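All chains should be built: construct the whole structure from the sequences, respecting the hints.
So the protein sequences, as listed, match chains A and B.
The opening position of the first sequence corresponds to residue 0 in numbering that gives the first Met the number 0, with each subsequent residue numbered one higher.
The opening position of the second sequence corresponds to residue 0 in numbering that gives the first Met the number 0, with each subsequent residue numbered one higher.
One or more of the hints may lead you astray.
[What the hints assert, rightly or not] These stretches of chain B come out as covered by chain A in the derived footprint (C-beta under 8 angstroms, 3 or more residues):
1. 50-57
2. 99-108
[Unchecked claim] The following label-pair restraints were derived from C-beta to C-beta distances:
3. I77/B / S140/A: 34 to 40 angstroms
4. A59/A / E204/B: 30 to 36 angstroms
5. D94/B / E111/A: 56 to 62 angstroms
6. K191/A / E40/B: 21 to 27 angstroms
7. Y61/B / S140/A: 35 to 41 angstroms
8. R144/A / H26/B: 34 to 40 angstroms
Simulated from the structure, these hints should not be mistaken for laboratory data.
These figures come from a predicted structure and were not determined experimentally.
C-beta: ideal position from N, C-alpha, C; glycine also.
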Amino acid sequence: MALKLVEIKGYSLAPIGRGNGLRNFDCTISEGDVIYIEGDRFDDSHLFLRALAALEKPQAGVLYYRGEALDFSDYRKLLPYKRKVGYISADATLLSNRTIGENIMWQRYYLEGRKSLKVVDEVLNLCRIFGIEDKLDLRPSQVFRDEVRAAIIIRELIKGAEILLVEPARDTLSRVHYDSAVQLTKEFLSKKVTAVFSFSDEAFIREAATKKVRIIEGKLEVIALK
Amino acid sequence: MQIRNPLVVMSDFAGRVGRRTIEGVSHYLDLSAFAWRMIREMFRWPREGRSLLYRVTLEQVYFTAVQALWVVIPVALILGTSLIMQFSKVSGQFDLGKIIVVIIVRELGPITTALIVILRSATAVTIETGYMNVLREMETLEMGGIDPLRLYALPRLIGMMTAMVCLVFIFATSAILGGYAIVWMSTNIAMQNFLLQIAKALTPEDYIVSALKALFFGVAIAVVSLFRGFSVGRSITEVPVATSKGAVECLLICMVISGILSFLFYL
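See the structure below:
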């Protein structure tokens with residue numbers, strides 16, 4: 000039996016945007032699960048992803064990571080968990096006062112204690128796939144949205160995350176880059192990484208999804224697919 | 000015209016005063032807590048991310064100190080020249096060296112430098128922090144497992160403290176030596192033994208007070224500007240309000256610190 004990675008019990012979240020919020024739900028995510036989110040409102044699906052990333056403080060309930068309850072009383076206690084989460088969402092951003100290359104390498108070099116933010120070869124290959132290898136010295140405001148999104152995807156893929164949270168990319172990624180992103184995500188998932196995604200790519204859902212989370216009018220239910 | 004019940008008017012007024020007082024006290028308590036947290040963080044110094052921390056701190060020193068030199072030195076020269084020129088004419092009645100030390104080294108030097116740093120760097124830090132909050136860039140740092148207080152705020156605190164101490168020293172030196180050189184070269188005012196008078200007038204207390212003021216100003220400017228920036232919510236219109244309030248607050252706190260330190264040392 001797969002190990003429980005994230006377990007949510009009795010969770011309630013206040014609404015954001017034009018959503019209904021999420022009321023008193025339970026959800027378990029095990030190692031290797033690939034979960035597809037289907038909802039009546041984008042804001043609620045987005046809220047669920049933010050909750051999984053520990054970016055939203057619950058009104059009630061507990062989130063367990065590998066059996067340990069997360070403590071929301073101090074944001075610093077959540078940092079070790081957040082480090083394990085790859086967050087490719089609609090509201091994920093780059094640091095505007097750093098170059099694209101520095102943004103991609105920032106976390107890795109912070110943890111490894113290096114001074115230089117030079118992009119290493121392995122990452123440069125990913126940058127080539129998305130066509131941003133010649134934009135690494137530019138700041139996010141100097142490149143297209145498509146390229147910012149690509150940099151975010153690369154940053155999160157090289158993070159060594161245990162859970163990958165992915166939101167619609169098609170509106171901000173060109174066709175070529177979208178296919179590359181899907182292909183990379185598949186390769187990533189083949190390493191038995193857990194993923195929760197909300198983009199509606201039929202082929203990808205059929206091939207990869209093991210569970211479905213349905214959110215209707217603030218009520219969340221988990222449906223097993225495989 | 001309807002006349003309001005005096006009791007209601009009084010009660011409204013008392014309520015307003017009470018609310019403003021509570022808000023003010025609460026704001027300064029929050030500010031103190033934030034300052035305490037930052038100072039504690041400065042002494043914690045864990046291994047993780049230390050290299051990047053050094054790098055960002057150096058960048059901050061460069062932005063706040065090195066890039067400010069082209070403003071600080073001319074202002075110091077103008078102030079130094081005009082003070083030396085005017086006071087040298089009445090030097091028969093006063094000790095010129097002592098007057099210049101009191102005015103430039105102890106009082107005007109630190110507060111003028113603080114004003115320049117507030118105008119150049121504090122506003123920039125509040126705007127940058129505010130925008131990063133609005134654009135969720137602080138969340139991005141957190142999602143990387145990086146504490147924004149450590150990698151973003153701490154280098155700005157250390158950078159501003161270091162920059163303030165260096166700039167106050169440069170300001171005093173430029174104002175006294177540069178001012179003296181300009182007066183000596185461009186006027187016929189008798190300036191016998193000016194440098195000797197300055198050397199005699201300078202006491203260890205002057206150095207200590209000047210350095211302490213620079214250090215405390217650096218802490219106050221960094222803490223207030225960061226706190227105001229972090230207080231910005233999700234709306235971009237909050238950024239200019241926070242910047243303006245932060246700049247005024249920085250100046251007021253610096254003046255209070257300057258007054259307290261002068262009072263304690265020269266009473």
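How the hints compare with the structure:
1. Coverage of a stretch by a chain is defined here by at least three residues with a beta carbon nearer than 8 angstroms to that chain's beta carbons; for the segment 50-57 of chain B and chain A the count is 4, and the condition holds.
2. Evaluation of the coverage hint for the segment 99-108 of chain B: breached, as 0 residues show C-beta separations to chain A shorter than 8 angstroms, against a requirement of three.
3. Taking the beta carbon of each, I77/B and S140/A are about 37 angstroms apart, inside 34 to 40 angstroms as hinted.
4. Evaluation of the 30 to 36 angstroms hint for A59/A and E204/B yields a failure: the beta carbon distance comes to about 60 angstroms.
5. Checked against the hint of 56 to 62 angstroms, the pair D94/B and E111/A passes, with Cβ atoms roughly 60 angstroms apart.
6. Here the CB-CB span from K191/A to E40/B is close to 38 angstroms, at odds with the stated 21 to 27 angstroms.
7. The beta-carbon spacing between Y61/B and S140/A, approximately 22 angstroms, falls outside the hinted interval of 35 to 41 angstroms.
8. Hint check: R144/A to H26/B, Cβ distance near 38 angstroms, so the stated range 34 to 40 angstroms holds.
In summary, the numbered hints that this structure violates are 2, 4, 6, 7.
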